[in-house]
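Novice: So the chains spell out like this:
2 protein chains.
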Amino acid sequence: MVAAVIVTLMLIPQSLAYALLAGLPAEVGLYASIAPLLLYAIFGTSRVLAIGPVAIVSLMTAEAISKVAPLGTTEYWSAAFTLAFLSGIFLMALGALRAGFLANFLSHPVISGFISAAGILIATSQVKYILGLEVSGNNFISLISATVSDLMNTNIPTLSIGVSSLVFLYLVRVQLQSVLETVGMPQRSAILLTKTAPIVAIVVTTGVTIIANLASVGVATVGSVPQGLPPFTLPAFDKELWLNLSRSAVLISVIGFVESVSVSQTLAAKRRERIDPNQELIGLGTANVAAGLTGGYPVTGGFARSVVNFDAGARTPAAGALTAMGIALVALFLTPALYYLPKATLAATIIVAVLSLVDIPAFFKTWRYSKSDFIAMAATLLGTLMFGIESGVLTGVVLSLLLFLYRTSRPHCAVVGQVPGTEHFRNIHRHAVLTNPHIITLRVDESLYFANARFLEDKIFELITANSEAKHVILMCSAINAIDASALESMEAINLRLKDAGVCFHLSEVKGPVMDKLKLTSFLDDLTGEVFLSQFKAVQQIEAELNVHTLVISDPSQYD
Amino acid sequence: MVAAVIVTLMLIPQSLAYALLAGLPAEVGLYASIAPLLLYAIFGTSRVLAIGPVAIVSLMTAEAISKVAPLGTTEYWSAAFTLAFLSGIFLMALGALRAGFLANFLSHPVISGFISAAGILIATSQVKYILGLEVSGNNFISLISATVSDLMNTNIPTLSIGVSSLVFLYLVRVQLQSVLETVGMPQRSAILLTKTAPIVAIVVTTGVTIIANLASVGVATVGSVPQGLPPFTLPAFDKELWLNLSRSAVLISVIGFVESVSVSQTLAAKRRERIDPNQELIGLGTANVAAGLTGGYPVTGGFARSVVNFDAGARTPAAGALTAMGIALVALFLTPALYYLPKATLAATIIVAVLSLVDIPAFFKTWRYSKSDFIAMAATLLGTLMFGIESGVLTGVVLSLLLFLYRTSRPHCAVVGQVPGTEHFRNIHRHAVLTNPHIITLRVDESLYFANARFLEDKIFELITANSEAKHVILMCSAINAIDASALESMEAINLRLKDAGVCFHLSEVKGPVMDKLKLTSFLDDLTGEVFLSQFKAVQQIEAELNVHTLVISDPSQYD
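Top to bottom, those sequences are chains L and F. Each step along the first sequence adds one to the number in the working numbering, with nothing skipped, and position 353 is 596. Each step along the second sequence adds one to the number in the working numbering, with nothing skipped, and position 467 is 710.
So here's chain L without its partners, still in its complex pose (with noise of 0.2 Å):
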């Protein structure tokens, strides 16, 4: 009960922002509240989630719509809806196909560049209700351009308003739960009376904008919003939407979802309860098909209310269903009270809520840790600030894959040998080492596969043409979790070359799956040399063979 009156209170000033953010009447927000919480209570599995309008899908909603309908028509709203419709579909058919497993391949450098950027394209496209113009663009520089050419029709009363809610709301986050905690509040209270903050900034500038009539002064505010139960609404089944909005629904989907779980499933952890994602699929989906069917738009399970939730202690799915009801209260009795509310305030509280989703400090810390990381995530940054969300998202998801793809198709190679008076063989380049010039030993860090396996070739025939004593190559393999059918008829190659030139193949360490495929082949008859269980045992076995023992000691600083 606590934690469902908390959320309502955060979630009534949000639903209204975020609405306004997506481009839609302010109700359609009290719309998406309501029925799409109540299907989730149901079909969901997380106990603390809390679904409903958030910034980044309300972005990404306005990208997409605005492309196939003019804005403030009945057409844009139609679409939103029937976006949120066929992403809840497109949520539910993943669900049912359990390919919960394809949001995976959005690595973390990614959304966190594509999150940082919608951090700074949200708060951006709030900056002109702050100051009270009239300005639209489509990316990042043209906003900037478009809001900076119109500041001298800056709104001195709406700028006002505007700028104290935002000094209130900073405040209120920054400092105002120490302050609780300082006259003696426990620490839980302090932190949910600091998540209702933003009601309170709602009440008092909506009071000052009735008492000194600013609305003549031109203080924009959200107007007359419909009193009411949402409606119920049939999606445009209109196949050129559809088809105009699948990659935008597919998008939503995707990033509503990675945003949601990652959310429940850092919830659920510490409750040592489970999240299957699978069936959070299912548990999105049909919120977004009731979205959709109830005049709403996207919604997904947002962060800072989940974590209220969890706070509050929400126990079961019912937090969920109680904040329905307190919404659809609001939606009935409440909206006459919202008609002076200024657009300012609503603006206030977008950009402060942003702003904590832009991390700086991670762009830094991926460079020090990943240089090939650090690149998608810049990209996806850069891309989504200057050509939009879904160009952004997608080249990063791009990159990261061929970047991926690129490392592992030139694996880490070493030349090894032995450290004397142990079985151990390490890189000659790095210790001083036993070596055998009659014997070469590779080893690959990496598992063999079509990407490599010509670079494996390449590899092994630079170290026989560079040393023409050598007699035997030892493919040292404990570093291989599979091997393909490229990276074998690649090793059957090598196997054939090696043999053209007098020189043995074998392998060593070779893992027990490896192992059981290669028996399926003919590649172990075909073998000019032996597969040995140990590196060691190899190496012994060969020089006994060869009978030869001139040992050299490696020189690692030669290499430097």
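Hints are not guaranteed to be accurate.
Any copy will do: because identical chains look the same in the list, a pair fits if it lies in one copy or spans two.
Claimed, not checked - Calculated lysine to aspartate or glutamate pairs in the EDC-like style (CA-CA distance at most 16 Å, straight line):
{"no.": "1", "residue 1": "Lys614", "residue 2": "Asp759"}
{"no.": "2", "residue 1": "Lys608", "residue 2": "Glu735"}
{"no.": "3", "residue 1": "Lys702", "residue 2": "Asp519"}
{"no.": "4", "residue 1": "Lys608", "residue 2": "Asp768"}
{"no.": "5", "residue 1": "Lys482", "residue 2": "Glu318"}
{"no.": "6", "residue 1": "Lys760", "residue 2": "Glu735"}
Quick caveat, the hints were computed from the structure, so don't treat them as lab data. Nothing here was measured: the structure is a model prediction, and the numbers come from that model.
We have chain L already, so just place chain F on it with the hints.
Specialist: Leaving out everything else, chain F in the frame of chain L:
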């Protein structure tokens, strides 16, 4: 010299036949066999690779240019040499960028499936010449049905020439070498003599056609072939044409390069020589630019002729230059003799040559070894037969990448326990090993990256929800060759969530390069557990701390 003469004798019928296969006049095949060979002799690295028209690239050329120009027109020819020019520029660019590794993304099953399909397509497309029909079709199905529905128009004299050429060439290919060896000829001479059989078929059938005046009863012949050296031609500098041809040029370049480089590497290895793939790209690129500037069409290294070059003892690139001179002499003086050469003979040459490309056993072999490789192979074969070469190859490449990603996104994982009396740890499902109910050890047999990071999270939480007694989780990293930024975040999330659940998270057997990267982050500081050098030390130390040795022997049979 010997090599050059034999290759010239092979190249005459092949270049004429492949030009017809590409829908081009016969002389274009000769033009493509002069300048490109000279240029490759200068810029290529292989001493034995025989450049010139080849069957598959000819088919691909036909598919590409028939989309942009009508068959039999000057525009069609112009599109052909423009395509060669574009393909040459692209190959040189790849070589300059040292991007030869890109060809590795064509997996062996895809190449194999594609080559078999191309063999079937090419043979099918030649049946009409054997029957003396004039039919056309864009894919396998339409070709077959057009040919069958036109069967009653079969020209009997053409059929006689075609079938007898087919039988003669087939018998020569299968039998002649062993017959010659039986009568005492040395093996090498027998092989080389066998290779020149097509020229015999050409001389004989041309003679018969002249003597019996078969042209008057409807036997189609090559007709007048202009006498003289190749013309200098300027590629059509037409932006739209370039755009239309660019995708085909890329694909022809890559396929040609893969075919060429695998031939030259196989042969080079026999002499312990090395091929530099990037220099090969430059060599092939200049050869194709030369083809574009001298009225030819795309060329690459052919398998059969290169092997002959090798067997005949070509030791320097001069063999290629001499072959070019031989073909130039034919173009200058012998083209009138080709007037009465029946097209059916050339078709028979092609059919016998390409049937060896169709490798049915490879499909069975791949099926047995790896189902996912088989899927990529079969999709490429069917895609190529049904929708054409470009769609078929692209389907295969994309599918094999997706299957690889799918495999690595669900890596093999094993909960391991100690083999009694040893320091080894093995899968509890396969071996009777010792485990401690308070310690779970998971070994993941794959590098950790974005596509499998969440899989690991799920796996670990599945394990700790199923084992409520667990107080320690050890991740055994012996098969983890890399951890990317997404996987690092997952590891951080796992650490935090395990901490919330009161479980310690340890790592064991982390590789050097992976450890180096982890040290750049705060992960090791935040880790609730330790990083152990070996799995044995990990269990030893944790058990000592727990002071609990309630070991349980796993029973592999219970998991069957």
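Novice: All the hints need checking, so say for each whether the structure fits it.
Specialist: Hint-by-hint comparison with the structure:
1. Taking the closest pair of Cα atoms, Lys614 and Asp759 come within 16 Å of each other only across two copies (14 Å); inside a single copy the shortest separation is 37 Å, beyond that limit.
2. Taking the shortest alpha-carbon separations for Lys608 and Glu735, only the inter-copy value of 13 Å comes in at or below 16 Å, while the best intra-copy value is 43 Å.
3. For the identical chains of this complex, Lys702 and Asp519 are inter-copy neighbours only, at 12 Å across copies versus 44 Å inside a copy, given an alpha-carbon limit of 16 Å.
4. Taking the shortest alpha-carbon separations for Lys608 and Asp768, only the inter-copy value of 15 Å comes in at or below 16 Å, while the best intra-copy value is 50 Å.
5. For a Cα distance limit of 16 Å, the shortest separation of Lys482 from Glu318 inside one copy, 15 Å, qualifies, whereas the shortest one across copies, 40 Å, does not.
6. Taking the closest pair of Cα atoms, Lys760 and Glu735 come within 16 Å of each other only inside a single copy of the chain (14 Å); across copies the shortest separation is 35 Å, beyond that limit.
Violated hints are absent here; each numbered hint is respected by the structure.
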